[in-house]
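From these two lone chains plus the hints, build me the complex, please.
Residue numbers (this note's numbering), protein chains in the order written: chain A, 1 to 401; chain B, 1 to 663.
These are computed hints drawn from the structure, not numbers from a lab.
Certain hints may be false.
[As the list claims (entries may be wrong)] Listed below are the simulated DSSO-like cross-link pairs for lysine-lysine, each with C-alpha atoms no more than 30 Å apart in a straight line:
1) B:LYS48 x B:LYS178
2) B:LYS266 x B:LYS188
3) B:LYS188 x A:LYS26
4) A:LYS378 x B:LYS496
[Unchecked claim] Over 12 Å on every C-beta distance to chain A, these chain B residues come out as not near it, computed from the model:
5) HIS107
6) GLY492
7) ASP513
8) ASN588
9) SER641
In this text, a Cβ means the ideal position worked out from N, Cα and C, and glycines have one as well.
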Amino acid sequence: MIATFETDVRAPNIALDTILTIPEGKRLRTCIQCGTCAATCPYGEHMEYTPHRIISLLRRGRLEEVFRSDSLLHCVACYACMVKCPRGIRLSDVLLPLVKEQTLARRAELPMEFLRALQNTLRYGNPMGESSRKRAHWVPSAGVPVPILAQCQRAVDVLWFVECYTSYYPRGIDGSRATARLFHALGVDFAILGNEEKCAGDCGVVTWESGLFETLTDYHLEIFRRYQFRRIVTGDPHAYNAFCVRYPLYGFHYPVQHTHQFLAARIDALKPKLTRPLHLRVTYHDSCCLGRRGGSFDDPRRLLQAIPGVKLVEMAHHRENSLCCGGGGGGMWLDSWFKARGLERLSERRVREAVATGADVLAVSCPYEIFRFEDALKTLGYDRRMVVRDVAELLAEALGD
Amino acid sequence: MKPAPQDHVRIGFYVCHCGTNIAGVVDIEAVARYAATLPGVALARHYKYMCSDPGQELIIHDILEHKLNRVVVAACSPALHEPTFRQAIARAGLNPFLFQMVNIREHNAWVHEDRAAATRKARALARAAIQRVVHHRPLVIRQVPVLRDVLVVGGGIAGIHAALTLASGGVKVHLVEKEPTLGGHMAKFDKTFPTLDCAACVLTPKMAAVAAHPNITLWTWSEVAKVEGAVGNYRVTVRRKPRYVIVDLCTGCQECVDACVYREPKFSDAFNLGLGKRKPIYLPFPQAVPPVVIIDAETCIELKTGRCKKTCVEACGDRQAIDFHMKEEQIEINVGAIIIATGFRVFNPRRIPYYGYGHYPNVYHALEIERLLNAAGPTGGELVGRDGCRPQAVAIIHCVGSRDEYTHPWCSRVCCLYSLKLALLIRERTHAEVYNFYLDIRTPGKGMEEFFKTVQAEGVHFIRGKVADVYPDPSPEARGRLIVQAEDTLLGEVLKVPVDMVILSVGLEPHPDAENLRRLFNLSCSAEGWFLERHPKLAPVNTFTDGIFVAGCCQGPKDIPDTVAQAGAAAAEAYALINKGHVELEPNTAHVLDDCSGCKSCLPLCPYAAITYDEARGKVSILETLCKGCGTCVAACPSGSIVQHQFEDDAIFSELEGLLADA
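If we strip away everything but chain B, and leave its shape as in the complex, we get (with noise of 0.2 Å):
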């Protein structure tokens, strides 16, 4: 190992306060004591606060006054504040490499009580540090070139949102959605609260904006397959699933669907939640954007036996739209950044056998019933059972799927408020007394309070108590009804309350295809399956891998308000990135040093595919542009001869020993 020049070498230490932060745990100033006596220490001092402006200028000043060529900074994660650093020691002329950052606040301070032996952990990363800058060389941040297409994946209200802000600024979208049509689940919904417009009116004509937008192109019906590359240089591969009907020929007009061999509709109805029926040709639903009829392989009898009469193929006629050869494709995109915006999932309330659902006919969940109120759905907005009856009363269980360590803990924090309306607009249709059993009316956000007091004026009934037990009236005239019950807490009094109909309001959950996704793209989940956000409060829709942004559930429940401006600040966050034209790298990149021998054993192992060959030398080199400084490569490489910048061997054994030396 080469010994450290540590002649010239001339160190500032800093330790951060953060308040009472470290303070309050580790020994601050001893800290600062013990980092001046090492070796190559030219200073040493502690501070209240390192990232306030003041602190910057502490080491400006020094590095001007003291001749600093290095800086130790001990405070909280290089997350958060390396970036800062980097930039003042900067500004004073040194090179921002020439810096490391030591975590003992989240890695110390925060995790640990005896303020002893957490001023001698501190004591010994600072230690690790200081021995490990000294071997620190200048280096330049690479700039590597970005696209401006970007690809929004998922076709709701905030893939919607999120494309038409970023095509009306003059990007080029790629939207990819699984479904046939685009609207996810807003376009389920009757109507919205609390304002209770109706959601089709509000929706779609966003959703013919995008069908529209010159810049926008839609890939319905597709799922993203793979995805390469890195930030300002994604690769991903579409696959477009085959709908039998070519969309460009498709003018939506239906006619083959009246022709189908099917002369009822005899099918379950996605759309519809199996509540309506349809036939093996259909469109999802009379807005459906692109409006363009799809063939289910599933049901149609000349896709499954090729022996049918055609009569679709028949009723199309000049168009020639129909193609019983269509078959799946892949399409590659590339793009410079990438919008997640894949929604989330109705909890299943089969999981809480007690409530009856899919047991007794009359209990639905609340999405189910968006659809009955619906005027385009399947009973054309009359409220009527699975068993033909017409509530009476109606009994609206909140907090199903919510709040519950046996399925999932979190508040979902739309089924208050959407509870709220399915009551108001029952109560408004029907005149059926409507029970609300809830835990909490919970009603944050613009007009809520306000809304929540108007569906209470009307006369809806709330019985504050989570519901026990749904089961049929045993008496028996009773017909198919319901006995709900519940404790009425504000009375103390157990309720059996018969009802017509149940309506669970179900909680929000992960997409099934999260952990899929999450894979696909590289991304973090929260323990719930949520995916995480960079940071809670200041990057809600960055993620850890940059270039990648979310909008709307697929990041967490929220309302269609929250998930539009989600959506837009992602739209944002993608314009910024493209918009710049270039993204800038850490140089923590790989490079091949002469020795190496062309064994190739690392050329399989890089991701990024940044590793080639060069039969000529018989030796492998490393595209910068592509490499992401993962490190694979070095830690495989037989001879040592592949070494990664920033992470030298003489620099991570110096960090080594000076962690492990007795304090």
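Chain A on its own, in the form it takes in the complex (with noise of 0.2 Å):
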């Protein structure tokens, strides 16, 4: 059901004006109209024009005047509407973020918090504007030791991304923390970039800011450069994402793995030392860079099984229909543009469904997630009977001592 890519997807230079003389093109020309796109796509009721229509007036040749709506500022880049196209169109990869693009250039004005993120994004590699020389003073509190590369000067197995809420805020480092002493209680040779390390830049690419990705992109083939690692393991879905999909567009090679990923081919080993029963039922939401785009639904669902007393189960949209948190595609900065036009948000579309499962922890892989969700269980008055929790975290908590 994933949609793969192939190479004529990733050409780095396809263009709206000659979009339908490559193969996906074809592709778009084999568009049934089916509305599955619009169906499923979590803010479709809302667009003026749905991914569909956005074919239908691209092949009339009358594609400007998609450029005049905000539609495409609904789009959050969950691929729901790419992994279920009947006709196997790579919405989400190709069609939406040129169409998407072309909306934002077009714009005298685009919505404060959305602009001043990818401002800070280009000024300070990260988009809340924090300083790039603190990336790292998160370390000393892991209880734990970080290397960091710049320091460490010798070869890794693993390159760890911690990535920028990760770096910067405090429920965000939680995580680190968490992934930090799982490393070590695995023994894994990592290290750490530090104040080197800047945004991937993967909601550049999928809040259609071409530019500013290809900036982060260069920026960072350059440092991976000067350091030898065997791999790169983030916690961040949509680094991940960044990194298997966009980076090999520039000559980028090394294998990737989410966290969650590389913990699950490790469970053997992790398995015997989580002793600590925790004794909670638990949701996982499946985020989309991970979940629907990358193909791993089992790995965060067997690792949450494998701690002791924890009962996994599932709300009614998982795995390839998961619902989106709406942080994606520059959504984690629209939540205000959305209340104003007096739109649902997503996460608390969401946290319903977790909340009805009665379940006690909502599981997480994204750390997108982890404000969201603690957001809207705080605005719906959940906040007392859910938690929200990254799986890593989750497991840290099951390690014995």
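Structure below.
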């Protein structure tokens, strides 16, 4: 079910005016206007131009009118339309980014919060506008040594790409500390980039600011060249997506794993160390980039089930059919814009489903989700009934001493 | 290598334009001019359509007029017109094997764009054939007698119809069915579109006719295990699974079923797709043919432990039809032709998890609904959900596992119409609101569009949009209600329709046994896994294996009228073959020269067991009637003592030299 990337889909120089002449364009011509994209889109009912209407207009040579509408600002890059399209059209990978980029380029003004996030990312290497010199400040609080590549000056097995929210914000740092403890428990030979790390840029490419993305790609490829490591592991599905899908276009060639994939591959070594039972009902939210895009549904579930006492329950929408938290595609910085238009926050929609399972914990695999879901639980008054935890946090909690 | 006897060879070379099919890419005239310069070529011509009557007449005329003794035609694939030209040559009094055909259409014009390169290739191919044909010798077509019996594999409507057609023509038919009863999928349907005939009412008389027909031997609960031989003479081994009830002694009274130590039916009933229950001893369905019970070895206490009171045996009494010691049997059948009618499987909707099949109790696939609506089904014809609900609103989702790149890309052809039928039946019987979510309504065929109109007029809702999501209604009073989410693409609105039951119109896919059958019968499959017909238009029931025909959905999705028509066609083709009494075989057999050293390397390699070793002479010999001309022994013989007609070394080497020489 997961769309795979063909070489033509990956070509970095695809442009809207020539798209119909490339193989992916032939696929666009085969659209049967079934409406699956509109019906599965979390904001589909609020879009004037749904993906299939965009295809219709593209085929008629009338795409201009789409650029004048807000429709694509609703796209949260959740890949739902792409994995369900019966013609296998790579909507979220190819067409929608191009159309969104043009839409943004022609707007007189952009939502403030969104614009600031992009500017911060360019200037400081993180969307929050934190100082890049403080990126590794969390490290001493990890409780275990977290080597930094520039200091340790040796080849390592794993380059752990920490990412932004998990470097700066307390609830994100909780996840980083947990990951560091797990790596130590497993004896992983790892290091981080520390202050040299910036946002991997997936937010850039899927919010469809391709220039920003390329700046960050160039920067990281240069940094990666300086060090010796065998693979990249990251706890952020957006970085994972960028490294798997987009970076290879620019000459990147390292094996990449999400932390949960990395840990699941070592579950036999990890399991004996999970000695502290947690006695929790846990429901797992499939993040869009790791789940639908990356095809990794079982690894996080296997990890959760390895924790003694954990009972895993599923929400109505799970795996391929998971509901987006609303943070992708720039949605992370469009909450007030959506609110001003009277739209339901997708994180609240998701949290309602999670609460309906009766679970104590909403387990996640993406740093965005920690903030979005904790916020939504508070807004809806469910914050006493349910907590949000990264799978790594739960694993670390279950580690014996 | 022997020098070619070129002095007396007079070759006629003909190159075909095939309209613009070939001439559009290949410079035909240049090829003809070139061929005329080659040794042995008496004349070279080009013509618009060589296969046309005037084209053939041209060859015949030239043979007589110019005393040609070899002919080469460069045109389409020999699979299409080699017989045409051979016959034309024979009409001119020349042996038809003094001929060679060159494929410059499929192998050249249709796959190349560069005119100069394509023309160069055509010249090389022509030269290869011209150098080869010099070595051709006159050969005689072999005739092999044909057995008059026919094997039909599969006892659904296709197999039933083919068997009955042949049997009424006086042909002895063996019908093999792997289930315990005839009937296939059609027996599970409630009504049939567009006439709304009761499926059982039209099918069961034919099933009974099969059982009663003196010319049909019925092997139910049996499978083909081995196929040997070739067209006209197939040796088929049928594996007969033990049903633990002697077919000839059982009267179908079912007293044993009543007497079974299990008071209540407890086990999943396969005929009702697990929606109903049966006992370990059971009749698959009331009109089963043969009307004979069967014992399921997995659940019968006696067969599992040997410690049952055997109340069934007691109930059977003097009839003594129950035999717990029954063993699997192997039966050998000799037939002249085989009809494959092994049907299809419905798509497993679990593969599309967001429709909730197997997850929400009231999501069904269409075949299950046929059973629920059927008076003989598990609910006696009442539409009742797994949770006991009687639906007020029903969604029918079209194209589940059809027209979808992630599952099956093809249109399954029958789903639109059966969905219309189910919508109408549900509307008539329950007055529920029925919502059909469709991509396109496809109703080709006699009476089908009219049927669509009838269903529309009955008040069934039609929403043009593919369903993207099925999930439980989150509202507190929902009680198992599901939300079906789709865009009404004609209105441009996303709809969330609350329903009590969801029916998935699942597509048709190749039977899981198809791959195994393909190997058994040496058939070809399309990329999707359907059995491949020899030609989609002109040989729709023939396969690439002579004497084996296909009918029904094993060849591709089709409705009952098309299936029956195809089964009739397959029966007619089989009848034509066996009624002639013999088959003509290509004379491309292998024969052994005196140099044979008797090493026996070839013996185990022959797939047709055509080679025997003569102890006295210390040499092998090949039985021409069994040889199929595959060439395996020729290639394997270490001393080069096995030679194959039409593929002698000198012909092949000359052909290669011709192909590789610079044009």
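Query raised in the report: Going back to the hint list, which numbers does this structure go against?
Result: 1, 3, 6
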